[in-house]
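Asker: Here's the letter readout for the chains.
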Amino acid sequence: MAFETFADFMAMGKHGPYVWSAYGITLLVVVANILAPIIRRKGLVEEIKRKAKREQAES
Amino acid sequence: MNRKRKQRLIIVLGVLAAVGLSTALITFALRENINLFFTPSEIAEGKAPIERRIRVGGLVVPGSVKRGDDLQVTFDLTDNAEQITVRYAGILPDLFREGQGIIANGKLISGTLVEADEVLAKHDENYVPPEVQEALEKAGHPKKVPQ
Amino acid sequence: MFEYLKRLYHKFGSPRYFYDLTGKMLPWLVALSVLLLIPGLIYGLGFAPPEKYQGNSYRVIYIHVPAASIAMAGYVMMAVAGVIVLVWRMKMAEMVAKSVAPIGASFAFICLVTGSIWGKPTWGTWWVWDARLTSMLILLFLYLGVMALNAAIENAQSAARATAVLSIVGAVNLPIIKYSVEWWNTLHQPASIRMTSSAIDPEMLYTLLTCIAGFYCLFGALVILSTRCEILSREQRSSWVKKLVGVS
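Chains as they are written, first to last, in my numbering: chain A, 1 to 59; chain B, 60 to 206; chain C, 207 to 454.
Keep in mind that a hint or two might mislead.
For lysine-lysine, the following DSS-like pairs were computed, each having C-alpha atoms within a straight-line distance of at most 27 Å [claimed, not checked]: (1) A/Lys42 x C/Lys230; (2) C/Lys449 x C/Lys217; (3) B/Lys166 x C/Lys326.
Think of the hints as simulated: they come from the structure by calculation, not from any bench.
The task is simple: from the sequences and hints, build the whole structure.
Answerer: What follows is the structure, encoded as structure tokens:
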């Protein structure tokens, strides 16, 4: 362990804001990249179902 | 591969080669101009304009760092031939230390004095934990001279 | 051997085969990226030794370097897919190229932002127009250009061919990024990880390599997730997609 206490760990010497903001921004971007295809997939499946229903109603 | 595909492949590779070659020529032409800084020797020769914003690069002369009030600091820069003095008020980067490679942004006041408003420290590619560096120095290995 | 490769190529060219195969790969990639990234980043943040001169700010390296590497590898992937699109007109390559762009752009963005945050305390500036930083910014703009072109052209096939040309031409930027630190006087230091004798302490190096491997698995999983959506969208009229969704 490179730090004595949890407070030391959060402070990162005097570099806490730099290190944590870098990791935080990365986490946000990665989470957005994971959520985007999941949301898109949901929308696509609904769209395909809707189209199929409409086609069935027409024929 | 059929003829049409071969033709398309040749066109794609040809375009890539042409773009690559022209970029290589441009970068070669700009080689000297990209992020060039003046060395203390060039300033001593009078190559740098006075009263204009310039960049000076060099090593911090050990023992020359003097700290004053309100974050005022002066230090000497050398390229192992000539020396100039840099005056700066502000927070120095973590990597600033004696012997370190530094780039100072500012105005040349006289032949040997630069009033800097920005001091940048150049890092080298070495990453060492504190104990290892101390052990290396104790063992008599001289500190690596940073570029 | 060649016949085998050719067969493999045709298989991968089929969206349905690609969809099935990547569906099987996805859980493994996700598991692997979690197993590498979480211990790697925790070790990097809390257990790896601080750096002698930079203190703890150097811990940004565990995301900065993987992100830079992936941003460039993603561009290589997009440019290679672009060549396949232009020469062999493979539909699957069109979809992969389109899916990689926003993910590669995200990693280029992460690389630039974390580098900027790291640069402030260590170099003394958020940004400097040196060759390495500028060429990396150009990479981000190339990705954004590809995304904009994809969005601007309605027809998927024409969009794919137009972006293929842009991504292939933009590939000349890659060697410039890689060698900028050697060709010019940059503020950015040369590479620390080398094939022979890395300039980085072993404990930091192995942590960094773990994080790089983990981020690559994450990148692979993201590309697969996004490409599978693209397949569903473009193949929605085919019977196998309808069956998959459960409407026929």
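Asker: Hint compliance check: list the failing hint numbers for this structure, sorted ascending.
Answerer: none
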